[in-house]
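**Q** Each chain, written out:
Protein chains: 2
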Amino acid sequence: MEINKSYHSEKYEQKKDLQYFLKGIKNGNRFILSEAITLIESTNLEKRNLALKILKELPVLTHSTIRIGITGSPGVGKSTFLDTLGKMLTALGKKIAILAIDPSSRLTKGSILGDKTRMEQLSKDPNAFIRPTASGTLLGGVSAATREAVDLCEAAGFDVIFIETVGVGQSETEIVNLVDIFCLMILPGAGDEIQGIKRGITEMANLVIVNKADGDRKLQALETSKQYENAFKLLPSRLPGWKTKVLTCSGLTGDGLSDVWNNINEVINHAHKTSFFHHQRKKQREIWFDEISRNMIIQYYLEKQSSADYIVTLRSSVLKGELTFYEALLTLSDELKK
Amino acid sequence: MEINKSYHSEKYEQKKDLQYFLKGIKNGNRFILSEAITLIESTNLEKRNLALKILKELPVLTHSTIRIGITGSPGVGKSTFLDTLGKMLTALGKKIAILAIDPSSRLTKGSILGDKTRMEQLSKDPNAFIRPTASGTLLGGVSAATREAVDLCEAAGFDVIFIETVGVGQSETEIVNLVDIFCLMILPGAGDEIQGIKRGITEMANLVIVNKADGDRKLQALETSKQYENAFKLLPSRLPGWKTKVLTCSGLTGDGLSDVWNNINEVINHAHKTSFFHHQRKKQREIWFDEISRNMIIQYYLEKQSSADYIVTLRSSVLKGELTFYEALLTLSDELKK
Numbered sequence: 001m002e003i004n005k006s007y008h009s010e011k012y013e014q015k016k017d018l019q020y021f022l023k024g025i026k027n028g029n030r031f032i033l034s035e036a037i038t039l040i041e042s043t044n045l046e047k048r049n050l051a052l053k054i055l056k057e058l059p060v061l062t063h064s065t066i067r068i069g070i071t072g073s074p075g076v077g078k079s080t081f082l083d084t085l086g087k088m089l090t091a092l093g094k095k096i097a098i099l100a101i102d103p104s105s106r107l108t109k110g111s112i113l114g115d116k117t118r119m120e121q122l123s124k125d126p127n128a129f130i131r132p133t134a135s136g137t138l139l140g141g142v143s144a145a146t147r148e149a150v151d152l153c154e155a156a157g158f159d160v161i162f163i164e165t166v167g168v169g170q171s172e173t174e175i176v177n178l179v180d181i182f183c184l185m186i187l188p189g190a191g192d193e194i195q196g197i198k199r200g201i202t203e204m205a206n207l208v209i210v211n212k213a214d215g216d217r218k219l220q221a222l223e224t225s226k227q228y229e230n231a232f233k234l235l236p237s238r239l240p241g242w243k244t245k246v247l248t249c250s251g252l253t254g255d256g257l258s259d260v261w262n263n264i265n266e267v268i269n270h271a272h273k274t275s276f277f278h279h280q281r282k283k284q285r286e287i288w289f290d291e292i293s294r295n296m297i298i299q300y301y302l303e304k305q306s307s308a309d310y311i312v313t314l315r316s317s318v319l320k321g322e323l324t325f326y327e328a329l330l331t332l333s334d335e336l337k338k
Numbered sequence: 339m340e341i342n343k344s345y346h347s348e349k350y351e352q353k354k355d356l357q358y359f360l361k362g363i364k365n366g367n368r369f370i371l372s373e374a375i376t377l378i379e380s381t382n383l384e385k386r387n388l389a390l391k392i393l394k395e396l397p398v399l400t401h402s403t404i405r406i407g408i409t410g411s412p413g414v415g416k417s418t419f420l421d422t423l424g425k426m427l428t429a430l431g432k433k434i435a436i437l438a439i440d441p442s443s444r445l446t447k448g449s450i451l452g453d454k455t456r457m458e459q460l461s462k463d464p465n466a467f468i469r470p471t472a473s474g475t476l477l478g479g480v481s482a483a484t485r486e487a488v489d490l491c492e493a494a495g496f497d498v499i500f501i502e503t504v505g506v507g508q509s510e511t512e513i514v515n516l517v518d519i520f521c522l523m524i525l526p527g528a529g530d531e532i533q534g535i536k537r538g539i540t541e542m543a544n545l546v547i548v549n550k551a552d553g554d555r556k557l558q559a560l561e562t563s564k565q566y567e568n569a570f571k572l573l574p575s576r577l578p579g580w581k582t583k584v585l586t587c588s589g590l591t592g593d594g595l596s597d598v599w600n601n602i603n604e605v606i607n608h609a610h611k612t613s614f615f616h617h618q619r620k621k622q623r624e625i626w627f628d629e630i631s632r633n634m635i636i637q638y639y640l641e642k643q644s645s646a647d648y649i650v651t652l653r654s655s656v657l658k659g660e661l662t663f664y665e666a667l668l669t670l671s672d673e674l675k676k
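Protein chains in written order, with the working numbering: chain B, 1 to 338; chain G, 339 to 676.
Treat the hints with caution; some may be incorrect.
[Claimed, not checked] If you want the ones that stay clear, here's a sample from chain B, every Cβ over 10 Å from chain G, calculated:
#1 K15
#2 K16
#3 Y20
#4 S64
#5 T65
#6 D125
#7 G157
#8 G215
#9 P236
#10 S237
#11 D255
#12 L257
#13 E266
#14 H272
#15 D290
#16 T324
[Stated by the list, open to error] Subject to a maximum C-alpha distance of 30 Å in a straight line, what follows is the list of computed DSBU-like cross-link-like pairs (lysine-lysine):
#17 B:K243 / B:K283
#18 B:K337 / G:K394
#19 B:K337 / B:K94
#20 B:K282 / B:K56
#21 G:K581 / B:K198
#22 G:K676 / B:K338
#23 B:K233 / G:K564
#24 B:K337 / G:K391
#25 G:K354 / B:K198
#26 B:K283 / B:K337
#27 B:K243 / B:K218
#28 B:K218 / G:K391
#29 B:K47 / G:K676
#30 B:K56 / G:K658
#31 G:K675 / B:K47
#32 B:K338 / G:K354
#33 B:K218 / G:K564
#34 G:K611 / B:K23
#35 B:K282 / G:K536
Simulated from the structure, these hints should not be mistaken for laboratory data.
C-beta: ideal position from N, C-alpha, C; glycine also.
Whole structure, please, built from the sequences with the hints as guidance.
**A** Pasting the structure below:
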């Protein structure tokens, strides 16, 4: 039996070390890429450390990449849009990755299946990689993990990276800090669905996409696009010297998708010409270094002191009103001094 | 000589202990209040701890308070506006505090004199307290310190707290998380000055104030207010069931200031009626508890390990390109493991 067991594990459990991951990623193996992202998301320090080692050893990119953020309330049709646009792009020879951050997936992880089903064509395309990313924890980390997942995808040869969010989570403003261009998707009409979006997100947009501009809603979509274009004239611009455009399209019929893709490229070209592209990526690296190192200090500290539970308990005492805000903070301070 | 020295220090250096601060704050002593805020802002752990003890012992408030955020680019006239509005409010029997966060003050601290001079009438008013707050450090903290300064001011009897910012700093979106109402100040015209404001700030506004609506600019101000009111209809609303209003006024002549003050009260009343006021303050406490406890862990950790310099060095190596992003993070991780 013992011999059998050992034989079994040798045969079926390949050693998943640094070389396994580096080789897999270099070969664009989507399964291994996905496994590496799971390491990134892990709260286990050993696994996190292996993830860092992988990231450190990734070869320098020889191809240019575009990172595109896309946000819209549930129901605006992001998945159908990405499914159709994605197929259009792979037909053009692009390799595309979609990282979907779904705050509802924290508990159920149910969206993994959901996303693949929702992007029916793309999920079968060998030049596409679709990956839902779990939402963050008390200690943060969702956006930092996404930042690292982007690096992995690019190293695996993907050149257009979409980061899809529903615009309601804590980490949305941080997502803006890891993309080159940020798109907001809305529906034709009064824009009621935008009321569900976290404040501050709207004016981050470099491009507003009025989706479902098909059939009866085509005229209404044009009207909506004019209204938003006027409104955006009054908001701060994310890209200096560039006015946010509002385009209409239909993810279902594919109408207007070429325009959207052309506009994305115009924004990127403008950003390259003005050096904003390079400057922004540099600035983003700085922001993420601070964010990730802060998270790391906290994670190591809590691990060493086994005080994670302690803080969670203090926090819930404050929320329940059993301790005042400053009673809890002073208690924490005394604990940290030990 | 020795005896003289001892006598000297006994006479002139009053012992500044917990009781000294609590008594001073209870009596509304503005000098001691200011000293206590300096303790809050200190990076010295002993002083921070005394500050926490003061905060913990503050009596439960018996008066209701309003916390008002006001942001606008330099030159829109925030100081003149606050000077005139402040005098109007103290004449109504209010006690007002103005906490001004000036990112330029980090190095020079020069704005302390500047602010007092700019609010000429108010700085002589015994029912007003004006305090510039230093900008944050690598380890954050400006907003957490401001959060605590608000509690001190309220305990000292101030009932209307203004937090003034210029809308360009890292901590602006956090400031939104410590006020009951957030006002954006702009100038009549094309709104060019809004382009300098950090993205995401505009749509946080519960109220937009078009200032300098006097003389020749009165008509233009009305036109501007209409444009912004239309734009805000399309943005997410910060206060459910409340459309952001755009009002014109002149801080110089005082024209329209009563309207502004009435509208602030309407927003607050609506928030009270819908329980949003209570809900928002509770949610804010939660956000700040996480923020402050995270900062505290990092501060204690760096203090104990004397590794603050180490991280600063790593960070600058990344920025200079001497280390890659992940080389630096892996080095930090190894250091933390020790």
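**Q** Can you give the numbers of the hints that this structure goes against, from lowest to highest?
**A** Numbers 9, 10, 15, 16, 19, 25, 26, 28 and 34 - these are the hints that the structure violates, sorted from lowest upward.
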